[in-house]
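Take the sequences, apply the hints, and build the full model.
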Amino acid sequence: MDHHVLSLLTISIFFFLAISPQSHCQEEGTDCSRPYTCGNVSNIYYPFWGQNRPSYCASSKQLKLNCEEDNQTKFQFESQNFTVLRIDTLHDTMRLVRTDIVYDDCSSNLTNTSLNSTIFEYPETMHNITVFYGCPSGFSLGGKNFTCKNDRTEFGFYAEMTEELSAKFPELERCERRIHVLIFREFWVESDGGIDSLQEAASHGFDVYYSGGGGLCGSMDTPENALHCVLPIPSMFSFPYYIYLMSCGENTFSLTCAHIFY
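Numbering-wise, the sequence shown is residues -25 to -1, 1 to 237 according to mature numbering (1 follows the signal peptide of the UniProt record, and there is no 0).
Just so you know, the hints here were simulated from the structure itself, not pulled from any lab data. Since this is a predicted model, take the numbers as computed values, not measurements. Warning: the hint list may mix true and false statements.
[As the list claims (entries may be wrong)] Simulated pairs of lysine to aspartate or glutamate, EDC-like, Cα-Cα distance not exceeding 16 Å:
1) Lys124 with Asp80
2) Lys39 with Glu53
3) Lys124 with Asp79
4) Lys49 with Asp182
5) Lys124 with Asp171
6) Lys36 with Glu53
7) Lys49 with Asp75
This is the structure:
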């Protein structure tokens, strides 16, 4: 092979290897720099993904946001479906409303409203209400009861479970099933309101803290689901520096990526 051609081929291969890591990193950084925006939920970055944000831009694949045709943001956790009323990125909170449950449909398919995960925590402003179904015949909790619309001969009851209430109404232990509902304390109606009071309180949703952070971050595909940052904010680093992939830079230009950037 001609020496001149061989030299050109060698240079071309070297140039390709040099720019490929940069292109990969820049593409990943660009993807994660795009915010999620849908209706009232706008300019959302890490730790969420969805819409035009790939899953590696999030801290967990569970934090996926879905923009529906009506410009409402939907969120699914396990078998539960929610509408996202808002996301407060300053305080790392989400306001959610359960959308897949009808409280006076007294079927056995009803499930708890619960985000049991290392990702979420509940603020003290939340109130845990228990709704009972299939209770003994003749039992009553005053006005905090309602008729099941799928069977007009059955009733449901709801209350804040306390030791005092359990002692006063031991029949509650004989109810066939129960679910837990999260509401704001301020919307807990102490007066007797039947199903309307329960539905009104639940319609305001509830807040939950999520594990937050900053920067254009993501998660690595490892068993530990280790965090990495594609690019930190406000300082934008590029080649030859690398954050989590050595292929994104040179060995002597490693940067330590903290979980949170301000």
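Which numbered hints turn out to be false for this structure? Hint check: nothing fails, all pass.
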